[in-house]
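Here the protein sequences line up with chains A and B, keeping their order.
The opening position of the first sequence corresponds to residue 1 in the working numbering, with each subsequent residue numbered one higher.
The opening position of the second sequence corresponds to residue 171 in the working numbering, with each subsequent residue numbered one higher.
These aren't lab readings, by the way, just hints derived from the structure by calculation.
Keep in mind the model is a prediction, meaning the values are calculated, not measured.
Warning: the hint list may mix true and false statements.
Derived pair list, reagent style BS3-like, types lysine-lysine, alpha-carbon separation capped at 27 angstroms [stated by the list, open to error]:
| no. | chain 1 | residue 1 | chain 2 | residue 2 |
| --- | --- | --- | --- | --- |
| 1 | B | Lys207 | A | Lys53 |
| 2 | A | Lys49 | B | Lys207 |
| 3 | B | Lys297 | B | Lys255 |
| 4 | A | Lys165 | B | Lys207 |
Under 8 angstroms between C-beta atoms, here's a sample of chain B residues computed to sit facing chain A [to be verified]:
| no. | residue |
| --- | --- |
| 5 | Gly210 |
| 6 | Ile217 |
| 7 | Gly218 |
| 8 | Arg276 |
| 9 | Ser280 |
| 10 | Tyr291 |
| 11 | Val344 |
| 12 | Ile351 |
| 13 | Arg353 |
| 14 | Gly355 |
| 15 | Lys358 |
| 16 | Ser360 |
All residues carry an ideal CB built from backbone N, CA and C; glycine is no exception.
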Amino acid sequence: MNKRFKLVLAGSCLLCIVSLSVSAWLYLQFRKIGFVDTVKLVNEYQLKKELEKSEDRKLSALRSHADSLSAIYNVARTATDADQHTVKALEGQLQQLGNIFQQEFDRSNQEINEKVWTRLNADIQEYARKEGMQLIVGANGMGTVLYGNTAMDHTNDLIQFVNNKYQHGN
Amino acid sequence: MGTKLKYSVLGVLALLFCSCRQSLLTPAEYVSFIENKDNGFVKSAVIGDWMYKVQYRPSTFIYLQEAKNHSFNKETYELRRKQLKGWIFFNVYTSHTKTSKMAPLRLISSNLDEYNSLLNYYLTQNKNNFMLYTPRDTVYPQVYVFENNYNLSPEDVFVVAFHLKDVQHDQPMVLAYNDEILRAGIVKFSFTPEALEKEPSIHF
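Given these sequences and hints, build the entire structure.
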């Protein structure tokens with residue numbers, strides 16, 4: 001009886017060890033695949049914030065020019081003895097300036113995106129290599145990843161990695 | 171026993187003295203040390219297809235580069251160091267990672283007009299794209315030179331210098347370059363106090 005009990009106990013222990021090993025192996029395999037919220041990653045990337053700040057300084061000159069012209073236009077438009085030709089000319093200038101501002105805004109956004117993604121792509125590859133990952137899926141809020149276990153979410157780790165690399169330089 | 175103890179204390183003190191003392195190098199050894207990327211005075215980064223390399227140039231290094239004909243002596247050395255006090259100099263090199271025959275400026279220009287326009291930007295406006303961050307100051311360069319190599323070299327070189335009230339090597343420095351032409355964005359190069367404090371001295 002005693003011998004049989006010992007045998008059962010040893011068998012149970014062995015089973016426990018095997019199942020724990022399999023679980024650990026499975027966990028490690030799953031850790032090799034992860035997802036990242038790309039919107040959050042881009043928005044919290046320090047390079048993007050600093051580039052936006054830098055571009056904003058350039059755009060603010062255009063913005064203040066448009067504001068001044070708009071104020072002049074409003075005065076001219078409401079004046080009782082306003083020359084209609086002048087008002088029309090001012091309206092045209094204001095519209096033109098608005099178009100230029102929009103073009104500059106679009107151009108700077110596109111440039112920032114290009115610069116940010118050039119840098120992020122290389123950094124993401126480095127992160128994946130460092131973490132021994134085989135696949136990182138981008139969850140971008142457009143339906144690519146509908147659900148992901150938080151254990152597979154690498155967003156915060158990756159944000160920390162890319163920002164650290166950017167801030168501390170090369 | 172007392173004598174043994176005395177010798178031991180003296181030995182430890184000598185060891186401490188030697189480890190705290192900055193190493194003395196010949197001018198050639200000093201230049202090699204500063205140019206060696208493992209010693210923390212050279213930093214590099216690859217962004218897309220572009221390679222950036224930054225050489226921090228301490229005053230001794232500048233003096234030795236200027237006195238290339240080995241005409242250096244203690245007097246001129248001290249004088250030059252005094253003149254350069256408070257200045258932080260960097261050379262920033264840009265090149266293409268795959269093509270080693272042309273400088274970036276020439277590579278990205280599709281015609282002469284574009285080349286001239288970019289050259290003009292590099293000569294006159296690029297200065298404001300450099301910044302130096304220290305724990306105390308954030309400064310723009312006071313000296314900026316674009317070395318026009320007329321496409322004779324595969325890399326473009328910018329010389330930038332910042333003037334600080336007090337240059338302290340026990341604090342980190344970060345050089346930031348917002349590359350508007352090669353569209354790499356802001357590239358930062360960090361120089362740590364651990365590396366800067368190891369700058370050797372030279373003996374004549």
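Status of each hint after checking the structure:
{"no.": "1", "hint": "B:Lys207 to A:Lys53", "result": "violated (32 angstroms)"}
{"no.": "2", "hint": "A:Lys49 to B:Lys207", "result": "violated (30 angstroms)"}
{"no.": "3", "hint": "B:Lys297 to B:Lys255", "result": "holds (22 angstroms)"}
{"no.": "4", "hint": "A:Lys165 to B:Lys207", "result": "holds (18 angstroms)"}
{"no.": "5", "hint": "Gly210", "result": "violated (12 angstroms)"}
{"no.": "6", "hint": "Ile217", "result": "holds (6 angstroms)"}
{"no.": "7", "hint": "Gly218", "result": "holds (5 angstroms)"}
{"no.": "8", "hint": "Arg276", "result": "violated (21 angstroms)"}
{"no.": "9", "hint": "Ser280", "result": "violated (19 angstroms)"}
{"no.": "10", "hint": "Tyr291", "result": "violated (14 angstroms)"}
{"no.": "11", "hint": "Val344", "result": "holds (6 angstroms)"}
{"no.": "12", "hint": "Ile351", "result": "violated (12 angstroms)"}
{"no.": "13", "hint": "Arg353", "result": "holds (6 angstroms)"}
{"no.": "14", "hint": "Gly355", "result": "holds (4 angstroms)"}
{"no.": "15", "hint": "Lys358", "result": "holds (4 angstroms)"}
{"no.": "16", "hint": "Ser360", "result": "holds (3 angstroms)"}
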